[in-house]
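*Asks:* Those sequence lines, one after another, are chains A and B. Take the first sequence: its position 202, counting from 1, is numbered 202 in the working numbering, and each next residue is one higher. Take the second sequence: its position 221, counting from 1, is numbered 221 in the working numbering, and each next residue is one higher.
The hints are simulated quantities; they were obtained by calculation from the structure and are not laboratory data. Watch out, some of these pointers could steer you wrong.
Said to hold, decoys possible - Selected chain A positions facing chain B (Cβ under 7 Å, derived; list incomplete):
#, residue
1, 71
2, 79
3, 81
4, 84
5, 87
6, 232
7, 238
Heads up, the beta-carbon is just placed ideally off N, CA and C, and yes, glycines get one too.
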Amino acid sequence: MMRLAGIAVERGRRRIVDGVSLDIAPGRLLAIVGPNGAGKTTLLAAMAGDLRPAAGTVTLDDRDLHSWSPFDLARRRAVMPQAARLGFSLPVRDVVTLGRSPFERSHTRIENAAAVARAIQAADVGHLVNRSYETLSGGEQQRVQLARAIAQLDLETAGAKPMLLLDEPTANLDLAHQHAVLLLARTLAKQGVAVVAILHDLGLAFTYADDVVALHGGRAVALGAPREVLTPGLLRQVFQVDGLVVSGHLVVQGPLAA
Amino acid sequence: MAASLAIGAVPLSLHQVMQALMGQAEDARQAAVVWQLRLPRTLMAGLVGAGLALAGALTQGLFRNPIADPSLIGVSAGAAVVTAALIVFGAILLPPGWLPYAMPLGAFAGSLAVIVIVSRIAMVEARTSVALLLLAGIAINALAMAGTGLLVYLSDDRQMRDITFWTLGSVGGATWVKVAALAPCVVLPLLCAPWFARALDALNLGEREAAHLGFRVERVKRLACLAFALAVGGAVSVSGIIGFVGLVVPHLVRLTFGARHSVLLPLSAVGGATLLILADVVARTIVAPAELPIGLITAFIGGPFFLALLLRRRREFAA
């Protein structure tokens with residue numbers, strides 16, 4: 001269980017995230033939504049341990065996140081970056097295999113290979129495994145990064161379940177794969193993983209997330225079930241769009257007239 | 001290696017070389033040629049080549065960029081300045097006999113200083129800018145050149161010849177003492193290669209991504225810089241500036257065997273050793289009985305290679 005208690009995060013001198021408190025529970029999919037510049041990526045970076053909060057605390061299992069060694073932390077949480085270019089091109093299978101780095105010593109070669117194979121299948125990149133990463137399209141590269149992050153999740157070992165942090169996992173994907181990725185995130189959540197995803201598509205957040213946190217100007221303006229957070233009032237106030245729920249789906253209608 | 005032992009001013013057959021190595025040479029002169037001249041020279045060429053190529057592969061992995069060559073980014077020049085300073089002032093400052101060991105140490109310090117400066121300049125928000133890397137290299141090369149020029153001005157005739165010879169690069173002055181001083185500088189980083197390989201593979205994804213995979217990125221970078229400076233410093237202190245080995249060899253290994261560092265690092269060392277031993281054979285036969293500086297040979301191979309590399313990745317660099 002990860003707990004953010006009143007954290008503020010700064011980049012340079014600017015306070016990007018201010019006074020955010022929330023719990024990230026195993027078995028749930030939390031969506032972070034908000035307009036550009038709301039502090040979504042910065043909040044995720046604080047959860048990942050990349051940025052140390054200027055105020056407040058981030059704890060994982062009641063221990064300060066920054067007292068965890070990078071290695072122990074890597075065995076508990078995986079991060080899928082927004083866009084990642086390699087310095088030198090590798091075959092896709094090798095990229096996914098890098099996700100097993102924290103488990104090279106503790107698991108056998110066969111166990112690790114099996115985890116890689118599962119991740120490749122889950123992220124639907126089986127047909128790409130022998131391709132060179134550099135030759136893939138943006139969406140395909142993103143799915144390979146997703147596979148790498150999934151390979152890093154340790155679901156077999158008994159004990160605390162891992163966390164998966166996804167930075168705009170659907171950004172470059174076609175519609176079918178957007179849904180496939182979020183279905184996968186839900187499946188992982190059902191297996192006990194704590195999943196956090198930054199999502200721009202409010203419809204996807206509404207349909208798939210267990211919890212939604214809406215950021216605006218670095219503050220969490222709403223937190224709770226999708227139905228309670230993504231209300232017409234909030235959409236208007238935070239996103240400047242109109243939206244309503246039609247037969248269980250959130251429909252967003254264009255920007256507000258000025 | 002056999003060719004390197006057999007070919008030279010006194011031609012020997014492979015059989016004669018074997019005999020000399022086994023201590024059964026028919027004539028003492030042959031034994032001396034092999035043991036005192038050719039064997040240390042061949043070993044030194046091999047070690048220098050291995051060190052430079054390994055250093056190239058290390059920095060390229062660290063900067064995630066295929067053009068980080070020790071000579072291009074000014075590190076070799078930094079090491080050479082310190083070495084030149086030791087040639088000129090070493091005899092005054094140091095007890096006799098210390099110089100052969102002080103030179104690798106001094107060169108190590110010189111290359112370490114340069115790699116730290118260059119990487120500080122080129123890293124912007126955890127990303128390396130190629131342009132900054134090369135521009136910093138140009139500036140440091142110019143500075144080092146001026147420093148070396150100044151030292152030449154201050155030196156006597158014999159020292160001047162030594163320094164000139166250094167800046168062109170040669171493995172001609174090989175002795176067992178030099179081989180002994182150089183060996184640990186190359187072997188130590190090589191022994192660490194398996195450890196570096198895992199970390200550099202992760203760094204290939206990006207610095208933040210490597211940290212997410214559990215690597216202590218700052219520590220890896222610091223140790224890689226140390227290993228790099230040790231290998232380059234050692235190589236430069238005995239052989240001067242031999243360019244492009246660290247550029248060409250890792251690139252060819254990557255093309256043939258892929259970019260995984262567990263393969264790249266050791267094979268680069270092997271490839272660098274092979275290339276330099278061969279280049280040395282060419283250097284001392286092509287204009288026999290005179291000798292070409294080996295740095296000329298590697299520059300003739302590496303220059304066009306570098307241009308071809310730029311041509312192929314033109315778009316990337318322009319972006």
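*Asks:* Compare the structure with each hint and give your call.
*Replies:* Hint check results:
1. 71: holds (4 Å)
2. 79: Check passed: Cβ of residue 79 (chain A) comes within 4 Å of chain B, closer than 7 Å.
3. 81: holds (6 Å)
4. 84: holds (6 Å)
5. 87: Holds - the Cβ of residue 87 (chain A) comes within 7 Å of chain B, reaching about 3 Å at its closest.
6. 232: Residue 232 (chain A) check fails; min Cβ-Cβ to chain B is 38 Å, beyond 7 Å.
7. 238: violated (28 Å)
Hint compliance for this structure: hints 6, 7 are not met, and every other hint is.
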